[in-house]
Structure formats: structure tokens, C-alpha cells
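J.: Based on the sequences and whatever the hints tell you, model everything.
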Amino acid sequence: DQQVKQNSPSLSVQEGRISILNCDYTNSMFDYFLWYKKYPAEGPTFLISISSIKDKNEDGRFTVFLNKSAKHLSLHIVPSQPGDSAVYFCAAKAPGTASKLTFGTGTRLQVTL
Amino acid sequence: KAGVTQTPRYLIKTRGQQVTLSCSPISGHRSVSWYQQTPGQGLQFLFEYFSETQRNKGNFPGRFSGRQFSNSRSEMNVSTLELGDSALYLCASSRGGLAGYNEQFFGPGTRLTVL
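Those sequence lines, one after another, are chains A and B.
Take 1 as the starting number for the first sequence in the working numbering and just add one per residue.
Take 1 as the starting number for the second sequence in the working numbering and just add one per residue.
The set of hints was computed from the structure by calculation and includes no laboratory data.
Treat the hints loosely; a few may be bogus.
As the list claims (entries may be wrong) - Straight-line distance between alpha carbons at most 25 angstroms, and here's what the computed DSS-like set of lysine-lysine pairs gives:
hint	chain 1	residue 1	chain 2	residue 2
1	A	K68	A	K54
2	A	K56	A	K5
3	A	K56	A	K68
4	A	K5	B	K13
5	A	K54	A	K5
6	A	K100	B	K57
T.: Right, here's the structure in full:
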């Protein structure tokens, strides 16, 4: 039962353009959503999070949007840079389980010159 | 401040053997979680330890076990290895509070290959 889904395994975007990564979830009890970035041979690194009581959170070039009615969140990267090329994981946690995250399968982003 | 370290980084075992992986969290972090990453499955939660006690558990068979020591270092053990256990095993540490969200810091992982 995949509670967090990333339906696009890969995405290619030109440098300077916007990258939009999508994530869907099924568990309406999730109270925090997070995005992690992973380079090869390294562990995932935290990028940005959003509480379920908000619909937008922004941090520099990264913005996460949450649509609770659609159970959908997205990560926007503007402008995209070659160093953003990595695998991006969407994750969610339920109340009272502060360290237990449910991850999606990841989207590989390739930013081309 | 030193990050999360995992040893060994690479491991090759044969079916039926057992394996122990180690994780040293960031200093001051009391929670250690373990995840399995396989192609097409993303990261799947194995278990979390906090103050030497298992606090959360994922849906893995009993062959997967773990423990945490008084210095917060953690080990996970897989017994009777199967080919499907080949994966990247990641550990993450955090302060461990239950309210809100605790940012988790991941180690580089241990790549386990079962032949």
C-alpha cells in the first residue's frame, strides 16, 4: 500500500526554467510533508517541509505547495540550476510519529544546460 | 559538528548469512531510524530507536532487528539473508521529540549485496 506516490520517475528541465515535482498521498492523517534531495553515494538531505495547516512554504528558490483537498503537493524550483540534478523524494509523517517518515519512490531531476 | 556515520559502507554476503550494520548519530541526537532503499520502492521505514527503546516499527519480517546503546549508537541486524535483502540501508538521526517534526539527518548508507 503506497501511501505516498511520485508518479514521474524522471524529469528533464533546462537551466533557468522552472522545475515542478509532484507527489500524491492517500493518508489524510499526515500532518507534515517534506522534500529530500539525494545525490548518488550520499544520504538524502532535507530540503523543505510544510505543515498540513499551511498551503505554501517558500525557502529561496524552493517552494512547496500543498492541496489538501486533492491530497497533492508539489515542489517548485525556480530558477533550476545544474546542481539541482538529483533524485527528489517526497515524504510524509503522521501525528505522534515524529521520526517515522513514509517516502515516495523518488523523481530523478536532470537540469540541462 | 560531525554528521551521521555508517559502517561499513559496502558489504557482500551470501544467502543464509547474517549481517550487522552500525550507525553513529549526530552528537546530542537520541533518535535513530533505519530505512531500506531499493530500486522502485523508495525508502521504506524499518524501525526507530529512542533512548535504547524501539519506538516505531515498519512492516518488515522479524529477520530484521535492531538495538540502540546508551551512547545512542545503533545497530541493525538481518538474519538468514535473502537475495531480496540487497539494498541501500540508511540510518537517520534526530533529536527525537514527538511534537511537530524533528528534522532527520541521514548517513551515507551501507550498500548490502546478497549473492
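J.: All the hints need checking, so say for each whether the structure fits it.
T.: So, going through the hints one by one against the coordinates:
no.: 1; hint: A/K68 / A/K54; verdict: holds (9 angstroms)
no.: 2; hint: A/K56 / A/K5; verdict: holds (20 angstroms)
no.: 3; hint: A/K56 / A/K68; verdict: holds (11 angstroms)
no.: 4; hint: A/K5 / B/K13; verdict: violated (32 angstroms)
no.: 5; hint: A/K54 / A/K5; verdict: holds (20 angstroms)
no.: 6; hint: A/K100 / B/K57; verdict: holds (8 angstroms)
In this structure, only the earlier hint numbered 4 is contradicted, and the remaining ones agree with it.
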